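K.L.:
So you can see what is in the structure, the chains are spelled out below.
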Amino acid sequence: MNPGGIAPARARDLSLWTDKKLPVLFIAPVVGILLALAIGPLLFIFITSFTSWELVSMAPPQFAWFGNYANILADGRFWNAMKNTLILLVGGVGLQLVLGLATALLLNREFRLKKLVTSLFLIPITIAPVVVGFQWRVIYHESFGPLNYIIRALHLGNGFAWLADTRTALFSILAAEVWQWTPFVTVVLLAGLQSISPRVYEAANVDGATPWQVFRRVTLPLLKPTVIIVALFRVMDVFKIFDLVFLLTGGGPGSASESVSLYTYINGFRYFSMGYATALAVIQLVIVTVICMRLVKMMRVGRA
Amino acid sequence: MVKMSRRLVLVTAMMLAISLVIGGGIVTGQSRKPFEGVKIVAFGDAGHNLKPFEWYKDKIKEESGIIIDQVVGVPFTSVYEKLKTEFVAQTGAYDLVIFYPAYLGEFAGLGYLMPLDDYAKKYDPKLDDVSTGVRELNIRYGGKLYALPYDGDVLNLYYRKDLFSNEVEKANFKKQFGRELKAPDTWDEFLDIAKFFTRKKGEKLAGETLKEDFYGSAELAARGFSYAWWLARFGSLGGVYFDEDMKPLINSDKGVKALELFKASLKYSPPDVMAYGYEELKNAYLEGKVAMVVQWSDIQKKAQDPRISKIVNRSGIAAIPGTKAGDKIVRSAPMPVGRVLAVPKTAKHPEAAYWVARYLSVETSLHDVSSSETGLDPYRKSHFTSPKAFAGLLGSEEAAKEYLETVGVNLENAYPEINIPGAGNYQDVLDLYINRALSGEMTPKAALDAAAKEWEQITKKLGAAKQKEIYLKAVETWKSLGIWK
Amino acid sequence: MKEREIRSSKSWQAALVYFTIGVLLLFNLFPVYWMFVGSVKQRGEFYTSPPVFVPKQLEWHNFSRALERGGAKGIKDSLVVAGSSAALAIVLGSLAAYSIARYRTGGDNLSFWILSIRMAPPIAGIIPIFILMRYAGLLDTYPALVLAYCLFNLPFAVWLIKGFFEDIPADIEGAALVDGFNRLQVFWRIALPLAVPALIVTGLFCFIFSWNEFLFALVLTRSRVTTLPVIISGMVGGHEIMWGEISALSVLTSLPVVILALLLQRYLVRGLTLGAMRG
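Chains as they are written, first to last, in my numbering: chain A, 1 to 304; chain B, 305 to 789; chain C, 790 to 1068.
What the hints contain is simulated information worked out from the structure, not anything from laboratory work.
Careful: at least some of the hints might be erroneous.
[As the list claims (entries may be wrong)] Which stretches of chain C does chain B cover? Using the computed rule of at least three CB atoms under 8 Å from a CB of chain B, they are:
(1) 849 to 855
(2) 892 to 906
[Stated by the list, open to error] Cut-off 20 Å, straight-line C-alpha distance, at most; resulting in silico cross-link-like pairs (EDC-like, lysine to aspartate or glutamate):
(3) B/K363 x C/E857
(4) B/K685 x B/E667
(5) C/K799 x A/E110
[Unchecked claim] Sample of chain A residues facing chain C (criterion: CB under 8 Å; computed from the structure):
(6) S52
(7) P129
(8) V138
(9) S143
In this text the structure is predicted, and so the values were computed from the model without any measurement.
Think of the CB as a built atom: it goes at the ideal place given N, C-alpha and C, for glycine as much as any other residue.
With the rest of the complex left out, here is chain A:
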């Protein structure tokens, strides 16, 4: 039933070719999509960042050299947003590390219902940031929120208008962020702790070290790579913070809690200054790339 024996040979050739090229064929779709979605846009924002392009007026873009970048450097609101982002970064990640490590050490002990407790700890990570933002808005409410009620009931003071007060708005975002992501730090550090061989501890115990000494001289050094990786992950995420700020304060009062991401969004999709917004985006891209390179280096070392 086979009309002519040439076709199978061709098919075999083809399949041989396919087989040889399989690794490339397999990776092609992903690389193709990512090139289109990442490299194209990268070139686009890079070029656009050197133009003045105002969608409000629908006027065509004009070449502006380094105009946008010069304006950004002189823009107080940008530096303010940068400062806010840095505060969130240092304060938020710092708190998450301290609290996360403490919790991880606690959970690393044996106790009843350990599995259940660990599961419950994880819940905040999974909830959509928009939902987290809304819930904390309710919690922070000046007159009807539970937070101020508890503060007043315990006679700790009169509470705050958390999201409306210049002094507390940024801190309130930070607290919600810490609430959501400390569990992440906890579980990663817990995994790190559990990978430390018990024999190391046994050796330390034989030497008669106090628990504090064991922690300082054994646990911490062995945990250090994990701490750095988890810190870099959080630094990168917090640097990009948008959803929580958008939902909780919208950057207010004034611009007291504006993050760089939010400020970029406002320039792009409220003022429609595409040149300026893309220049802001390029700056953030550079900063993230620097952090990312550090992280990648850690991951490479970790693999080796």
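Since the structure of chain A is already known, use the hints to place chains B and C on it.
P.N.:
Relative to the frame of chain A, chains B and C by itself:
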């Protein structure tokens, strides 16, 4: 074989003809429903002002055949950014859009909207019945009709009638300030009264011991529309947006003074006043936490709704305070928001969308502006001459008359929105810096200077000459309406 | 004597541990509890001080109203978007991951380039992608979001699945090649079946990321596609905030992902660190 098939063709053709006639009969029988099965998507700021779409969904379908397929709600302060993104992208996602007329200049000027004049000839939107200010400022651009009114926003002064008529309070006030206690005529008086009524927990108010702190006034100080609460002061001092060369005048002495007056009143406001948008400001007043607020016209309706209000029959409305100029008092009542209904150029079913817009603007509007379920405010002459429609809610026909008259007075003293292209941008920047001054981040002078500088940049990037031309034309309209000097 | 001291100090210690864990759990779970309570509160119960900690009556209507006001469509759209982008990610991701894990295609540089895309700030991507989708006429459609989510789901899937493939010993596949299987057959008949659990885990992660995503959905959708986070944010900013309805929608948004995450618990560390930590 061939013959057979010819016969078959004939029979088929006859059947087709018959069915067409019958079908045509059905179609003509239903021709009173011009838009049978047409689905439209509406867009607006989320919340109570979209309720009419739910209420009249069935009626609209019954009368026109139009199916309101979807009503997309966005945050109150994001209307500009969401609509502008859509207009830039032109996806045709919405058939009928509700927005604030400050953006009309930009949206109509850039050709995003469909002119409605032809539809208006077909289905009369009764524009003669629309109050002059709303008609001239909110729905027309460049001589063409681009929108139908949906909400007639203007700011009014509300005060607690029961407190202002309390004998003890009146006597105390007279002792302290040497004049009668009554709704303030000037912003200085406003501050005096706000100060007078601000009391701590445990003190007495109108003979009763307070269980919670009580405040003299509250403002809309959250980001978004706080600029309008500044405009109320700025306008009464004679402030204007630009001079004739498009140099911003918002940072003039008048601007700074207005911002200082605004900021001073925060001392007598609840501690979380910086978070007060529409919702929070309304609640503070309805919960009985403050003695006075400046708010949109719908608050009086809301105050009469016992489900949400603790001050039923105790809220008074008055002309917005002003500034003394000689022996006259200059008042200026800003008109922020003031929703209109419009049809985007990319709409899939523009005529059906217009039909719905007209239905809501003409047929149901009296009910909607007099219902405490919505935040919509009167904007038609027929609304102002129908106190009966408001009487049930406001307690009596007299109260309704007083309400409508006062809103009318404030509309006469209206201060126009800056409705030139880029309005969304100008307003947002102004609002930001006013907010920064209120929160103490910057001094009033520094904040307004910075805002003025950004205004110059906005003007420049939109084309200074063009902006100037459009602004001067707008000023002419304002002058002809008698709301600009 | 001494032993009893030790024991009592031990039980004292244990009590302290339990107490601290209790406090931490309280802090962790209170906002979640507040969301659940809010979803069954009546309107008036949101405007009281002290706040209502335990509602008198359960107001289930919040859920039906939330579903009517866009919630039902939101759930459908979120399911479609998150489901298809997760499926796309594991299909394409497993191919690329296999290629990298077994053949080192493109070397370290390519794989770390893929990883770095995952870490780029979304705000940098959204402006060009918005304009790209505008010219492609894809705004406000499912493909717009599904494609956009590839930007972070694909790199994630490649990296996670790559790690799983690396965990599978290559010897079996080598033996199969010797037996006359071609590479495609080896992948299809041997490697892939072994990786099925990994694919499921990866798919669920991608589903969660897409389900929760806000910024892209905010900019790329209008009316035909409306995912849950966008609907919630619209309701939060509106007038007469519908606290009960928003809380109900929050519960509906959170419940599926919380359950999925608990199922994934074993892989959570590995997933969230892109395989950098094996947990």
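K.L.:
If a hint holds in the structure, say so; if it doesn't, say that too.
P.N.:
Hints, verified against the model:
1. With 0 residues having a beta carbon nearer than 8 Å to a beta carbon of chain B, the stretch 849 to 855 of chain C misses the requirement of three or more and the stated coverage is violated.
2. Three residues within the 8 Å Cβ limit are the bar, and the stretch 892 to 906 of chain C against chain B gives 0, so the coverage statement is violated.
3. Of the supplied pair hints, the one linking B/K363 and C/E857 holds, its CA atoms being roughly 19 Å apart against a limit of 20 Å.
4. Only pairs whose Cα atoms come within 20 Å are accepted, and B/K685 paired with B/E667 is accepted, the gap being roughly 14 Å.
5. Distance restraint check for C/K799 and A/E110: the Cα-Cα separation of roughly 13 Å lies within the 20 Å cut-off, and the hinted pair is therefore satisfied.
6. With a cut of 8 Å, the hint placing A/S52 at the interface with chain C is violated, because the nearest CB-to-CB distance is about 15 Å.
7. This hint holds: A/P129 has a C-beta 6 Å from the nearest C-beta of chain C, less than the 8 Å allowed.
8. Against a cut-off of 8 Å between C-beta atoms, the interface hint on A/V138 holds, since the closest Cβ of chain C lies about 7 Å away.
9. Given hint, A/S143 at the interface with chain C, holds; its Cβ is 6 Å from that chain's nearest Cβ, closer than 8 Å.
Violated hints, in rising order: 1, 2 and 6; the structure is consistent with all others.
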